Structure formats: C-alpha cells, structure tokens
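J.: These protein sequence lines are chains A and B, in that order. Counting in our numbering, the first sequence runs from 1 upward without gaps. Counting in our numbering, the second sequence runs from 1 upward without gaps.
By construction, these hints were calculated from the structure, which means they are not laboratory data. Bear in mind that the values here come from a model prediction, so they are computed numbers and not experimental data. Any given hint could turn out to be false.
Chain copies aren't distinguished; within one or between two, either way the pair holds.
Computed list of lysine-lysine pairs in DSS-like fashion (alpha-carbon distance at most 25 angstroms, straight line) [claimed, not checked]: (1) LYS196 - LYS44; (2) LYS271 - LYS53; (3) LYS206 - LYS47; (4) LYS53 - LYS244; (5) LYS118 - LYS155; (6) LYS161 - LYS271; (7) LYS271 - LYS206.
Now for the letters of each chain:
Number of protein chains: 2
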Amino acid sequence: MLKDPEHQVAGHMAKDGRLGPLVDGEGQFFKPFQSNGRGESEDKFYKSFSSNKNVPDHIRRYFPVYHGTQVLEASNGSGKLPHIVLDDVVSSYSTPSGMDVKIGARTWYPGVSEQYFKQCLKNDRETTSVSLGFRHAGFKIFDHQESRFWIVEYKVVHRYKVDDARLALRKFVSSNSLADSLPNCAFASEVFGGSKGILAQLLELKAWFETQTLYHFNSCSVFMFYENETVLMKGGDDARAQVKLVDFTHVLDGNGVIDHNFLGGLCSFIKFIQDIHESLDKLYFVGHLTCVSPSIV
Amino acid sequence: MLKDPEHQVAGHMAKDGRLGPLVDGEGQFFKPFQSNGRGESEDKFYKSFSSNKNVPDHIRRYFPVYHGTQVLEASNGSGKLPHIVLDDVVSSYSTPSGMDVKIGARTWYPGVSEQYFKQCLKNDRETTSVSLGFRHAGFKIFDHQESRFWIVEYKVVHRYKVDDARLALRKFVSSNSLADSLPNCAFASEVFGGSKGILAQLLELKAWFETQTLYHFNSCSVFMFYENETVLMKGGDDARAQVKLVDFTHVLDGNGVIDHNFLGGLCSFIKFIQDIHESLDKLYFVGHLTCVSPSIV
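Chain A with its partners taken away, still in its complex shape:
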C-alpha cells in the first residue's frame, strides 16, 4: 500500500534506485533512517521534541507530528530499514505548491569532522547561504497557465544567485506562466499575507527563536506550501498556506544559547517575503492613484 510521495520537493527522493521516503496515502509519511547515524540523530530529536514540555503548543504546529519508528521494506527494494513515521503534511492537499528553503548562513557547526566542515563551508559559499542566510533546496509550483507542476530540483537551485532566489519566491505566488520572467505575484496577499498566511507564521516562529535555547537547528529547512485548488475555484478564499520545519539530522542541544544562525537566516527570509508582499501593496497603491489622477504617476 506504500508509495512514493507525490509532493516531495527536496531531500532524498526515491528515484533511479535511490532510497527515499514513502507515504501510505492516508496521512502518514515514512522517512527512512539516513546513513552515518543521521537517522538515529533525527529520531532522537523527534523523541526529545515531542516530549519536551518547554516547547509551547503554538510552536508544535510548525513541526510534523511524530508517530515513532517502524521497520519497513525500503523504497528501493534494498531490504528492511527503520523509518521515522510522521504526519504527511500535504496529504489533504490536491494540488499543492511547495518550497523547501534551508535556513542559516552556516550548515556546519562546532564539533563536526574537518571533512564535513569543509564540504558544508564550500556549499554555503557556493550557494546563497552565506550572502542571504538561506538557500533554496527545491520547489514544486503549479503553473496556472499550463495546468501542470514545475519541479525544480536541488542541482538547479544550488546554482541560484541572489536574484534567482528572489525570483523563485515571486514565482511561488504567481498566476502567470512560470516561464515568464516577470511573475505577477497574484496570490502573494492570499498566501503570504493575512492572519493565517506564511508571513504571520514565520513571525510567530521568529519570536520563539529569539528566546528558545533548547535546540540548534543546524541544516534545517522551512517547507512552505499552499493549496492551488482553492485559488483556482472562484470563491475559494483559503489557500491553506502552511509553514513546517523539516530535516533534523543535525539538531544539537542549545545549551543556554539561542540559535542565532537559524534566527538570522529566518529574519532575512522573512524580509524577502515581506518585500514581495509590500511591493504588491505598492503596485495596488500606484494603480489606485492612476485611477484618481493619472497625471501625477
């Protein structure tokens, strides 16, 4: 009954014989233990987090719900393997656009091997991590003109520069063709704005990161997604936009210090989202002025 997830946008995907996660189509997501102890690390984090009474309830909703582990036949048929069982966060969405953004200017952390340190540092410098404090890890966007999904994978987004990163965020909330170099950001207000939008959720997370010293979320991603079907239907007024933190193979104890690396990157990411949301307001404002007195524009 298990199958490859339809809406995964980044990370280790089950393809060409590679190991990847599975879903049961009924709301559960099975993530195979990653190699070199990373699976055990991630499971340890989920166990700690799900039982940690110091995590406020309003913050828990930004993490996939954990249901323990289960030994399953691996997606690539390589044998039995332990899997972390989580809520499949997009299972109730019919045509979700999703975007995975790795937060933090630095993916290495004190105590790692010199080899891992060098590899992370190289990736951080080659991508936008150092300059922006975040980097795209992959996305899947519904193209309303062509009625199909565009999938952009890691090997492409890895080469993104600052302008590409900004453009991708604009395309994520646009209704014109993704081939168009001028995304119209038609859904920016519905997806990013409002009391239930992405921006409000990111700001709630930010407030927690300003004081939480429980965990350091090295190499974690923000996964944000919304439902296109409601946008497509006239009268549909809830994009069901959501933010989830994902990928916890490198989480460490905070030891009384805030995760300034994640927080700084998150603030930069928020500013990018705010800029898109506010430029929309400006476009509207200019349009409004045009109606009243075209000569002053």
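Starting from the known structure of chain A, arrange chain B on it as the hints suggest.
T.: Frame of chain A; chain B shown alone:
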C-alpha cells in the same frame, strides 16, 4: 594638546610605539587611518552614513558623530597621518566602565581575499564568535571594592569560552570585587534595565536591523559603557548607560539584503543580557519570599 584616550577598551591602542587614536580632552576623538585601505573604507562609511537620509534619527544616536578628517601628527610620532574626527563618546564620564563586543558569528564576507577569509574563519572558530554569535574584544571595569579599574585586553578575551563570556557580562554590572567568581550583578537593573538602559537600546537597534538593507556591518562592535560615579554617590540614579556601534573598516552596501549575520549575533547578545537581568528579578523574588515566609524557600 592631544593625548592618548584614557578609556579605550579595545582596538588599536597607542602603546609601546604602536599607532593609536588620540583625544583632545574637549570631546573629540581622532582615529588614525588604518593600513591597507581600511582607513579610507571607514571614512567612506562615515561620510555615507552621516549624509544618508534613510537612516532614522533615533538610530543615529547609536553611532559616534562624524566631523570629517584631519591630518595630524601620529600618536607614535611616526609622522603626519589622516585621522577620522569623531565625538569622544566617553569624554563627559569621569569613571566609565566600558565593554567592546564584536558582533556576528562571521567576520569574513564574500569577496575578501583567501588569506583574510582563512584568518577570520580561524579567529571566529577559536573564539566564541561561531558558538555565540559574538565575542569579547576587551573591557575596562571599575572595581568598587578596590576603587580602581580592571582592564582586560584582547589577548585575554580571545581565549574566552562561553562561560567566561557570560561571567564577564555579569562582572560588568557588579559591585563586589572583580576577583570574586560570583559577581553580584548589583547594577544590572540600573545599567541593563529601564527605558533608558542598555537592553532598551539594543532592542531599538535590533528592530532597525530587522529591516535595514543599507549596510552590512562586518566585524563591527557594540561598545557599551556607563558612569560609575553616579552609582557611587548615594542618590545618583542615572548610570547614563549607552550603546554605540564602532569600527566600520569592513562595512559593505546591503544591496537589498538585511545584515543577518549582525542581527543573529545581536539577538544572541541581547539574550545574554536579558538572562542576567531576569536572573536578578528571580533573586529579588526569592529574597522577597524569604521575608514573608522563610519556610517555603
């Protein structure tokens, strides 16, 4: 009429024939141009900043006022040299305690030479920069028990670990001897707290850094200081605590991106100050309970 500054706590000091800044004793501070173009860079920043209409007035007060440049005989007698002329921010303080904290987990930045990158990265990893998002650069604290100043210079604070960094911040606001390993934080509420205290000022700076994309303040320091004389005098109720940003030899244009490196480090520094301020509240609370009902403590 020019002399060595009495209350400098970090940076290039005029000592043993080394070049350092000068003061005129009447409110002006003369900083000699640093080598390798750093002096020109810093002067360029001050020129840009002082004429930049996008910098809000309430933020300007966190920067030393700039009065142009002046060619002067160098402090070490090595000849004439251009100096940046600034307000001497501690000139009206008789016994100031001061602390210089370099903000940011990363002191290098995209575009620097490989040699500079490696040197900065080494320093960032050896000090608390990577782990805390800031590192001590030096401080001068008035010891109320011994009625003299303690000066701790860069070569000492460079070796600080997390606990040393926290302890130094506690000693900065304590009235017991600095040789004591349990600082009493007697002045924490007066120096850190209140509407005019260090914490309120840092939070105002933080709010600006969340949106400002004008400059990236690589390798900059927060210099915080207060007047001990008012604390010593009974009835003196204003520590005149102040925060200034200093050292702008590596400032770059923000190019539409916030300074997430500075912001993350600043938030971590703020959390350290808050922890000291709040632990004081707890001590007071326990003390209060003791008076009312000793048995429950």
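J.: Given a CA cutoff of 25 angstroms, do LYS206 and LYS47 count as a within-copy pair, a between-copy pair, both, or neither?
T.: Within one copy only: 23 angstroms inside, 34 angstroms across.
J.: Could you figure out if LYS271 and LYS53 sit no more than 25 angstroms apart (CA to CA) within one copy, between two copies, both or neither?
T.: Intra 31 angstroms, inter 21 angstroms, cutoff 25 angstroms: inter-copy only.
J.: Go through the copies and call it for LYS196 and LYS44: within, between, both or neither, with a Cα cutoff of 25 angstroms.
T.: Answer is neither: 31 angstroms inside a copy and 44 angstroms across each miss the 25 angstroms cutoff.
J.: Within a copy, between copies, both or neither: which one fits LYS118 and LYS155 at a CA-CA cutoff of 25 angstroms?
T.: within (19 angstroms within a copy, 28 angstroms between copies)
J.: Within a copy, between copies, both or neither: where do LYS271 and LYS206 come within 25 angstroms Cα-Cα?
T.: both (12 angstroms within a copy, 14 angstroms between copies)
J.: If the cut is 25 angstroms between Cα atoms, do LYS53 and LYS244 qualify within a copy, between copies, both or neither?
T.: Within. Shortest intra-copy distance 20 angstroms satisfies the 25 angstroms Cα cut-off; inter-copy 39 angstroms does not.
J.: Using 25 angstroms as the alpha-carbon threshold, which applies to LYS161 and LYS271: within, between, both, or neither?
T.: Only inside one copy: LYS161 and LYS271 sit 17 angstroms apart there, 33 angstroms across copies, limit 25 angstroms.
Checked against the numbered hints above, the structure breaks only hint 1 and satisfies the rest.
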